[in-house]
Each structure stands twice: as structure tokens, then as C-alpha cells.
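Input sequences plus hints: build the corresponding full structure.
So the sequences go chain by chain: A and B. Just so you know, we're using our numbering here: the first sequence kicks off at 1 and counts up by one. Just so you know, we're using our numbering here: the second sequence kicks off at 1 and counts up by one.
Some clues are possibly wrong.
Cross-link-like lysine-lysine pairs, in silico, DSS-like; alpha carbons within 25 Å at most [stated by the list, open to error]:
| id | chain 1 | residue 1 | chain 2 | residue 2 |
| --- | --- | --- | --- | --- |
| 1 | A | Lys-119 | A | Lys-203 |
| 2 | A | Lys-33 | A | Lys-119 |
| 3 | B | Lys-232 | B | Lys-134 |
| 4 | B | Lys-216 | B | Lys-134 |
| 5 | B | Lys-245 | A | Lys-203 |
| 6 | A | Lys-153 | A | Lys-33 |
| 7 | A | Lys-119 | B | Lys-134 |
| 8 | A | Lys-186 | A | Lys-203 |
| 9 | B | Lys-232 | A | Lys-33 |
| 10 | B | Lys-245 | A | Lys-119 |
| 11 | B | Lys-245 | B | Lys-232 |
In short, the hints are calculated from the structure, not lab data.
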Amino acid sequence: MTALPAHPSDRKLGLVIDLDICVGCHACAVSCKEWNTGGHMAPLTDYEAWGDSPSGVWFNRIHSFEAGEGANGRTVHFPKSCLHCEQPACVTVCPTGASFKRAEDGIVLVNEDLCIGCKLCSWACPYGAREFDEDVGVMKKCTLCIDRIYNDKLEEVDRVPACVATCPVGARHFGDLGDPNSEVSKLVQERAGYDLMPELGYKPVNKYLPPRTGRTHTGCTGAPATPLQESPAESTGNRLLRWLDQALSR
Amino acid sequence: MHPALSVILFTSASGGGYAMLALLGLFGASGVLAPDPLSGWIAFLWSLGMVTFGLVSSTLHLSHPERAWRAVSQWRTSWLSREGVLALFTFLPAGLYAIGWLFLGEIWRWAGALLSLSAIATICATAMIYASLKPIRAWNSLWTLPGYLAMGLASGALWFTLWAELMPAPQKPAYDFAAIGLLAAAFIKLFYWRLLDAGAHAATAESATGLGHLGKVRLLAAPHTEENYLLKEMGFRIARKHARKLRRIALLAGFLLPLAAVLAALATPHVGDLVLLVLAVVLNAIGTIAERWLFFAEAKHTVMLYYGAERA
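Below, the structure is given as C-alpha cells:
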């Protein structure tokens, strides 16, 4: 059913992504691809994988942005995957019932056997979370690694999405954002985690933690972190150099 | 947005087809049509033919057409599903109306009224598929629904007028509907384009990333080097540089020249009416397809904010 669950549970599983820490290494995207091409929505088809113009289905993409100007500007690496919204229009527009939101944990999934490949769900998603598999002819998307997080064949420590398990710097967190006392909820609280495009009203479950305020002084030396100026010759103590500077400036 | 040929043909052909069915139903319901079998056969073959061609064309757009029947199941939430239900339902009053007209020599007014209503509802559902998509500001506007209705009426009424010209049917009101449809379509499209040119947008790169507090946000490195599904489907840019010319073609060929032809035919009854009408129908078809192409090509999707667009 593409109607949203009438009685959703309080559990809202999702990700918290720390933009202050992410170094843009793309390891989470690669790990996602590796796990999911054999997982619930397998395969993540590639086209022309060894050709001139390789492309393919990915559930997680890392964009890099610049924000602000000059010394106050920041480079921000920005991983983006399905946000498992509370108001997912991708689900309600689906004409066949292939797209659905699980009542028990809020995960948004696609039933590939019902999908007719009309692509309307991908139009309805403002975030570009869904990618079409041309070979299979169905829409595919992030499953929040549903085949890992509930998998009792895995060690408990591994029962997190592949992207979270692999992140080398700990920029990705997984948990229940419906529980105000969960680690992820506390993190969102402390660091003022926010929604992407809140004005569209999709109410994403995944949250982003903003980059911390940048420092303008290095910590240990106290030296100003301002760019070096071309040093003016008249300020030098060397007489010869000063004379040369004047002679050459004539 | 990528303009898929199947969707352009579907919305153009079936829009006109449903509007022609609506007029056939309306005229029948008001008791001004005679149950002449030949004219009936031509009218139903024409309008239902266009509608069916459009529906078949739209199922070809699917990757799994064999599962298309499932699309009528989610009418509670999905406008696409509602469109499917209404499109199929319309065949029922159309069939009953046709049986009375073609085989029993009677115009059943109630069937005509029902046909008219369900045909109009189908066009509305088609429009709402687009109008309900928040990530595409151009479509998520007040002009989308009236645009589809007026453009359907313009094409359908032109076909209906041509039919009325050839068959024993009242012509004056048919011309009136065509003129109203064409004029309304021209005005609505002008307002729609003004909305686009005014820079209406659903979101910005700043709100898409949440980094606006740091300053202006711009893309430094894209996540991938080659085009992916998102860029092909949502990042279509090929026709945008021809947008101005295509708008002129849509406005002139689609609406204004056919309107002039219709008014000329009205002003000089029985002199070259048929030639003018055929010309109007052909021009309108060209203009409608140009407009539908633009409807997709000019529409920007918010996902492009993650690929360097400033506003979408």
C-alpha cells in the first residue's frame, strides 16, 4: 500500500551525518555499492563498467561543496542517500503499491515485483535518492541496509548500515531518531542537527550536523591563520636590500 | 526534466481525445445531436482512437508494461493511479453512449453527461500528476491544471469542429468552444511562462545543503564523473537554449494561428471553412507537441541543487 502507515511506531531508524568530520573519501559510497549489489535490492547494475563512459546505480553519493568566501569559506563534503522521510511523496505517488514505508521502523522500501518502472517516485523525491535500474526495469533505493541491521548472522557490532560500518572517521551514525534518549537523538540535540530542504515538508528522518565554527588562529602557536602578505622591502633591516629595492623601484 | 516522447504523445493525444469526448457528451446531453450512425462512428473512432493511442503510448513508457494493471490499485493516494482508474472508467459511459447512438439510434443524454464528466475528470487527474510534485516548482503551480484543461479543450474542440463541419451537427457552438479553448490556452501559457521567468523556485542550494549560514553555496566536486540516472532524467538541458523559439512556435502555431483560422472561418461562413479548420488542426498539433516538450525541458527539479544549480 502506498498510503503511509496509519499507526506508525515511534521507531524512526535513520542516519545522522556529521559534516564537520566527513573528509569526502567516498568510502561509504563504495562500501554501500559493494554490500548492496549483493543485498536486498541486488544487483546495483553498472553500465559500460569497463567502457568509455561508465555509470551505474548507487544508493549513496558524496557531493563536495564550497560555502562562503575567502578565509571564511569552507569546503564541505556532503554524503547524500535516502533520508527515509516521514512524509515521503515517493511512496504516495506510486500507482502500484511497490513503494512503501514500513510501520515498524519507518524504512522506505521498494517491492521490485510490483514496480512497473514508471519513474514517478524519482520525480517526487526532491533529494534524488532513487536511481532507476535500466537492466531490471525497476526503481532502486537505499534500504538502510535492512539486510544488515536485523541480521542475527552478523556480529552485533556489524548490525549497522554498510556506510556507517565503513566510515573511517566516524562521520556517520545510525540509530532510532524517534527515541529522544538515543545516542543519535542526543547528538542531533547537542549539535543542532538539521533537515535538508525543510520548506518542502517531507520531514526527513536523517539529520545533518553542521560544520563547527572554523578557527582563525592555530591552536598551539597562537600564530594568525591569515595568508602571508608579500613582505615590503622597506621594512627589512638590511641596508643593502633596502638600497636595491629603491634602485630597482626607480 | 527529460521529455519522454511517449509521455508527450500520450498527454497531447489523449488530452484532445478526452476533450472531444467531453464535447460529444455535452452536446448529446443538451439534446442538440442527431443519432446519425455514420457521424457517430467517425466521432467515436476519432476520439476513442486518440485516447487509446495515448494510453498505449503511455504504457510503452513503462519498463514493465505487463504489470500496468497494478497501477489502478493505489487511487487513494496516487494521482497516476487515479488517472488510470478514470481513464479506464471513461470507456464505460463512452461505450454505453456509443451503443445507444450507433446501434439503437438514440442519444442517451445521461450517458452523454456521465461521459463528459468522466472525460474532464481524467484530464484533471493527468494534470494533477504533475501539479502535485513539489520538487518541480514549474509544475507545482496554479497554472498546470487549467493549462491541461485549456490545451485539451483547444485540440479537442478543433477536432470536434472539424467533425461538426463534415457531419450533420451544430457548428456554431463547436467553433465557440474551439475559440474559447485556444484563447484560454494562450493566456494560461503566457502566465505560466511569466512565472518561470520570474525565477519561481522550490528551494535553493543553501536550503538543500543547509550550509547557507556559511555563505553562498557552490558545487566544488560532483560525486561522479559520468552522467547518472538523476542527471539524465532530472537534469535535461538540451532544449533550454531553444526555449524562446519553441515558446513562440507553441504560442503561434498552437494557439494564435488556429484561433485566427477559427475566427476567419466564423466570419466567412461556407467559404473555405474546411481548409481553414484542417490548417488549424495541423498547426495546433505542432504547437501542442512543442509546448509539451517545453513543459518538460524547462521544468527544473530540486535534485539539480546538489549538482551545481543555485535555485530550482
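Status of each hint after checking the structure:
1. In summary, the hint linking A:Lys-119 to A:Lys-203 is supported, as the alpha carbons are separated by about 22 Å, within the 25 Å threshold.
2. Only pairs whose Cα atoms come within 25 Å are accepted, and A:Lys-33 paired with A:Lys-119 is accepted, the gap being roughly 21 Å.
3. As the CA atoms of B:Lys-232 and B:Lys-134 are separated by approximately 20 Å, the hinted pair is consistent with the 25 Å bound.
4. At roughly 24 Å between alpha-carbon atoms, B:Lys-216 and B:Lys-134 fall within 25 Å of each other, so this suggested pair holds.
5. Of the supplied pair hints, the one linking B:Lys-245 and A:Lys-203 is violated, its CA atoms being roughly 40 Å apart against a limit of 25 Å.
6. At roughly 21 Å between alpha-carbon atoms, A:Lys-153 and A:Lys-33 fall within 25 Å of each other, so this suggested pair holds.
7. The hinted pair formed by A:Lys-119 and B:Lys-134 meets the criterion: a straight-line CA distance of about 15 Å does not exceed 25 Å.
8. At roughly 18 Å between alpha-carbon atoms, A:Lys-186 and A:Lys-203 fall within 25 Å of each other, so this suggested pair holds.
9. For the hint pairing B:Lys-232 with A:Lys-33, the CA-to-CA distance comes to about 20 Å; that is within 25 Å, so the pair holds.
10. A hinted pair counts as satisfied when its Cα atoms are at most 25 Å apart, and B:Lys-245 with A:Lys-119 does not qualify at roughly 29 Å.
11. With a C-alpha separation of about 23 Å, the suggested pairing of B:Lys-245 with B:Lys-232 holds against the 25 Å cut-off.
Checked against the numbered hints above, the structure violates hints 5, 10; every other hint is satisfied.
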